[in-house]
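Chemist: Okay, here's what each chain looks like letter by letter:
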Amino acid sequence: MTPDQQQRVRDLFEAALDREEPGARQWLEQAAADDPAVRDEVLSLLDHHSRAGKFLVQSVDQALPELFSDLIAGEDEAFAPGTTIGTYTIERELGRGGMGRVYLASDSRLGRRVALKALAPHLVSDPRQRERLKREAQVAAGLTHPGICTVYALEEIDGSLYIATEFVDGRTLRDEIQSGRRPSPPELLRTARELSAALAAAHAASVVHRDLKPENVMRAADGRLKILDFGLARVDRPDRAPASFVSVPGAVFGTPAYMAPEQINGEPVDARADVFALGVLLYEYASGAHPFDAPNPLAMAARVLNGDVAPLSSRGVKAGALIDQVVARCLRKAPADRYPSAIEVADAFGREPTPPPSPSRHRTWWRIHQVVILALYIGGVTTAWLIKSSVETPVTLGLFLALSAASTLGCVLRGHLMFTERVKPRRFARERHNTGKPLLGVDLTIAVLMLGAAFAIAGRSAVAAAVTIGLGLGPGIATLFLEPSTTDEAFPDDHAGD
Amino acid sequence: MTPDDGHQPASDHLPVVYRELKRLAAAYMRRERPGQTLQATALVHEAYIRLANAGAPWTDERHFVGIAARSMRQILIERARARGAQKRWAGLNRVSLSDSLAVAADPESMLPALDDALTRLEKIDPEQARIVELRFFAGFSIEEAADAMNMSPATLKRRWSLARAWLHRELSEPSA
Numbered sequence: 001m002t003p004d005q006q007q008r009v010r011d012l013f014e015a016a017l018d019r020e021e022p023g024a025r026q027w028l029e030q031a032a033a034d035d036p037a038v039r040d041e042v043l044s045l046l047d048h049h050s051r052a053g054k055f056l057v058q059s060v061d062q063a064l065p066e067l068f069s070d071l072i073a074g075e076d077e078a079f080a081p082g083t084t085i086g087t088y089t090i091e092r093e094l095g096r097g098g099m100g101r102v103y104l105a106s107d108s109r110l111g112r113r114v115a116l117k118a119l120a121p122h123l124v125s126d127p128r129q130r131e132r133l134k135r136e137a138q139v140a141a142g143l144t145h146p147g148i149c150t151v152y153a154l155e156e157i158d159g160s161l162y163i164a165t166e167f168v169d170g171r172t173l174r175d176e177i178q179s180g181r182r183p184s185p186p187e188l189l190r191t192a193r194e195l196s197a198a199l200a201a202a203h204a205a206s207v208v209h210r211d212l213k214p215e216n217v218m219r220a221a222d223g224r225l226k227i228l229d230f231g232l233a234r235v236d237r238p239d240r241a242p243a244s245f246v247s248v249p250g251a252v253f254g255t256p257a258y259m260a261p262e263q264i265n266g267e268p269v270d271a272r273a274d275v276f277a278l279g280v281l282l283y284e285y286a287s288g289a290h291p292f293d294a295p296n297p298l299a300m301a302a303r304v305l306n307g308d309v310a311p312l313s314s315r316g317v318k319a320g321a322l323i324d325q326v327v328a329r330c331l332r333k334a335p336a337d338r339y340p341s342a343i344e345v346a347d348a349f350g351r352e353p354t355p356p357p358s359p360s361r362h363r364t365w366w367r368i369h370q371v372v373i374l375a376l377y378i379g380g381v382t383t384a385w386l387i388k389s390s391v392e393t394p395v396t397l398g399l400f401l402a403l404s405a406a407s408t409l410g411c412v413l414r415g416h417l418m419f420t421e422r423v424k425p426r427r428f429a430r431e432r433h434n435t436g437k438p439l440l441g442v443d444l445t446i447a448v449l450m451l452g453a454a455f456a457i458a459g460r461s462a463v464a465a466a467v468t469i470g471l472g473l474g475p476g477i478a479t480l481f482l483e484p485s486t487t488d489e490a491f492p493d494d495h496a497g498d
Numbered sequence: 001m002t003p004d005d006g007h008q009p010a011s012d013h014l015p016v017v018y019r020e021l022k023r024l025a026a027a028y029m030r031r032e033r034p035g036q037t038l039q040a041t042a043l044v045h046e047a048y049i050r051l052a053n054a055g056a057p058w059t060d061e062r063h064f065v066g067i068a069a070r071s072m073r074q075i076l077i078e079r080a081r082a083r084g085a086q087k088r089w090a091g092l093n094r095v096s097l098s099d100s101l102a103v104a105a106d107p108e109s110m111l112p113a114l115d116d117a118l119t120r121l122e123k124i125d126p127e128q129a130r131i132v133e134l135r136f137f138a139g140f141s142i143e144e145a146a147d148a149m150n151m152s153p154a155t156l157k158r159r160w161s162l163a164r165a166w167l168h169r170e171l172s173e174p175s176a
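Protein chains in written order, with my numbering: chain A, 1 to 498; chain B, 1 to 176.
It is worth saying that the hints were derived from the structure and are not from the lab.
By construction, the Cβ of each residue, glycine as well, lies at the ideal position given by its N, Cα and C atoms.
Treat the hints with caution; some may be incorrect.
One-sided and incomplete, this derived list gives chain B residues near chain A with beta-carbon spacing under 10 Å [what the hints assert, rightly or not]: (1) T41; (2) L43; (3) A165.
One chain only, chain B, in its complex shape (with noise of 0.2 Å):
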């Protein structure tokens, strides 16, 4: 299942996500909750509950999370290379992850590179992709990325290994 079945593109519904999750995370410093650290899981969940109760222009909670995960992805690679661009060391786009250096630059630096992967692999697998989004950028758990996606947990588990398996030989070989 893709999660814009039947749907608008979900690039549509992004300004709605984006303005609704930066709302969300606003109010979520201002209220202040000491010895809790903001997730990217509870941020996104929480999100869907109030667009949909505001009548928000998608029927199910799989379809939002699809877009939710899809944003947060866009967001963040959005703000690293922004940052990237201010940092002068870190405007990198392909970084070798190569195992014998005992030395690994900023991660941060190394998202517009996996943004780029992702992209590729969208054209060859586009389930892949959704996973990496809901996983790395929405940070959800095997069984709730599961439930989202509509399959088996070990399905799934399997599926973002070959993912992450994938990823990691594009950003370890700069491909030609």
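Just chain A, same shape as in the assembly (with noise of 0.2 Å):
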């Protein structure tokens, strides 16, 4: 097209557009009858005009303040070490994201390391949004769990908002995808149960995070994964109506790689857009592979919303049945296929790993094992108060007291134990562990008053004694020599403690 054919289209165009609707095609279809170019030309550019909507409306400054708070941060702007901010002081920047500039800082105060947040104005100044950050900043300091990291204070200083928060020095998630090491089969199970864990203590405390992704995930120095920016994920997305760079409804902010279908269809999300997003992260750091990829958001998109997703097997992941199911339910379309909340996903990771032990005839044996010791407790308290009747001196008397709370503490120790291996098997191991020195203890003290009852009452009846002895006997030779091979056959994976 000539420059000439350029001005006529310009011209034209601005002229249709003083139109009325109907009467405007008919006139540009008389108006440019010499040249069709031009008219087809006008035409579409109309056409475009009606459809543009809101395109290009609000300026970049307010359909993406995000960018633009990003582009006036400049490096230029960062607190330089040494700055004190009330009773922090910065030590180094750890670094940026579209909340603000993160610091590790020193609070003078309790005289530990933190990581303070420094909220990006575009989201404080909007009072609303400002209050809502407050509250939702308020409800995740709430969280105390080794898998979150936890926040410590919200602090307004000098006008501006930070957010102080437990400083977790370590590596995140992502850089583990990256550095393309796939995990072991009881790596994967750890991380898996890890994060679940976690998740579900925010879930039942009803936190939901909204931003789940390998970045906000670290594994500290010490091996443990930490989530971070809970519940603050929505302040990266205002509320705001959508920018007008799309002339589409429903239109998506950021990424949709972990984002569940319902957070893309712009519904309302609850914790079963973190699960789902749980299950995008599990997959991509079992496989290395995005369980969704596709060369641009938009097919992205496409693909979270209708896409199949590759079974983990398939894609050479030798991850276990179990870890192979439960990512496939969590990455379901429909939230009320997948599950309830990350608590659901926890008990299924936690459940299969400790496979509730052959409840074989060897726990029966350890069963009646507890029963008959309990019983020589009974019958060696009820000898003692027999003797302390029939011999009474204060030796026999103090014999008795003591071999009643001797008895009495086996008892509870022993019904701690007999409950917890019915009722909470996974804890069982370490109960064991815990009450094995105490026990050990009790039996001997029984056994050795038992001894002296019997000498007590020795003088009077031989029989006497010989039932005393036999009673004391009874715990002493069980705790040292019995119980421990009846319990080893009971429990062979118990080792936990030993």
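Build the complex: two chains, separate frames, hints provided.
Modeler: As structure tokens, this is what we get:
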């Protein structure tokens, strides 16, 4: 098209804008009758004019405040090391995100190091948003779990908002995924359990993350995982009218890579969106490949909404049936088809690894053993009472009281063990370890006290003394020689605390 | 009118304006005006006043504003491209804006595509490209932009509509 034609297109387009809609087209047909190329060009532009909606109407600072504040938050703006903000002294900058800069700082009040997030002004300039941000930080501060980065405080200093959180020194799960090293099946399961347990703790407190992704999960120096930015994700995506950039309803901001279908569709989200993101994250961690990999965000969004997910096993990941199944269920399109929350995901991951260790005959023997010992306790106390009744001396009274106390303690400990074994099998190994030494002490004490009681009665009745010795030796021998072997037979897998 | 008439090419002033805009924005943030959002247009005007007082090499505000709008475009696109490169999923250059799609990608990731389209528009009609820079990147109102372009608000409004229609077409229909 020649410059002259361009000029004509411009003039005709602008003239047509001033005319009423039905007449404009007719008028144009006549006005540009001599040059179909010009006419078609104007018609095409008028068509796009009518479809453009709010395209470009909002200027970039309104449409993309995040980008804009990122621009103005230039390098010269960062706090220099040594700067004091309230009670915090900046050590260095840790990074920058959509929410603002994050610094490593020391809190002089408590003498601890914190990660100090200086919230970008665009997040806090709107009073309503500011209030919501405060509320969400307060809720997040209520979460205490080893798998969640603790929020210490929300500080308002000189009109700016800062969030002080636990400082996690380590690397992100994104770094691990990009390192190219794939986790071994036990590593994968451990990661899956840790993450789902942390997320479950938040869901139990009705806190939804909304922006779970590998960048938000840190592996601390001690190997433990911590989820960052809990409950704060929403401030990343202001609740304002969608930007003018696209004239399409339901426009989506950000990467759709970890968004659940309902999130992409702009519907309300709940814990099940986190469950979906957890599924994507674990899939990516396990295989190194994104389940909805696509060349651009639009294609990816389409795949999240409609695409099938290749099973992990088809990607050459030997994750085991449990991981395969749980991840697949996390990734279902309909929220109702997923786990209701991470609590159920954690349960699913938690149950399998300690398969109820063969509720075998050996366990029955262990239970019988416990009941027999309990009976011996009662027999011992009864005997001591009888002895005390027939030989009323301070010694027999003392023996009786000491035996009562020791037997009560023994009953409590063994009762607790039996309860744990039946009701909370997963904690059994730990409980057994914890009660092992006290029980040994109790049983040996009882044996010694019974021998003492036998001496006290020996002068009166040799038979009574023999019975007493027998009752005393019972728990002693049992606890020293029998119990270790019956227990080992009954719980061959529990060596956690040994 | 093009802002460059009788002056050095705009690009020569870009570093000065770029630095001033950033410096100003940083100062703005330090001053902290709660409840007030920083606006591109306020930034441009304030930068002009400061640079004019410092004896900057342009003679009138119109000239400056043209340069400032252009540097805003450059800074923002640069930033969007840099951020896009960091973000694995935002690295696309052309995005379909098809109306039938219920879903659209991150508007930020479309900035590079818009920049490319704007460069093509510049070759056909530099004036329209200037208007887009003023309106979209510098946040000028119709009246402010009309004043900066030295044309009537009515004319500017029509030309702005034309530019938007043209760009909308460019971004909706991936050109061959």
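Chemist: Each of the hints needs a verdict: does it hold here or not?
Modeler: Okay, the hints, checked on the actual structure:
Interface restraint check: T41 (chain B) against chain A, minimum CB-CB distance 8 Å, threshold 10 Å, status holds. Hint on L43 (chain B) holds. Least Cβ distance to chain A is approximately 8 Å, under the 10 Å limit. A distance limit of 10 Å between C-beta atoms decides the matter here; for A165 (chain B) the minimum to chain A is near 4 Å, and the interface restraint holds.
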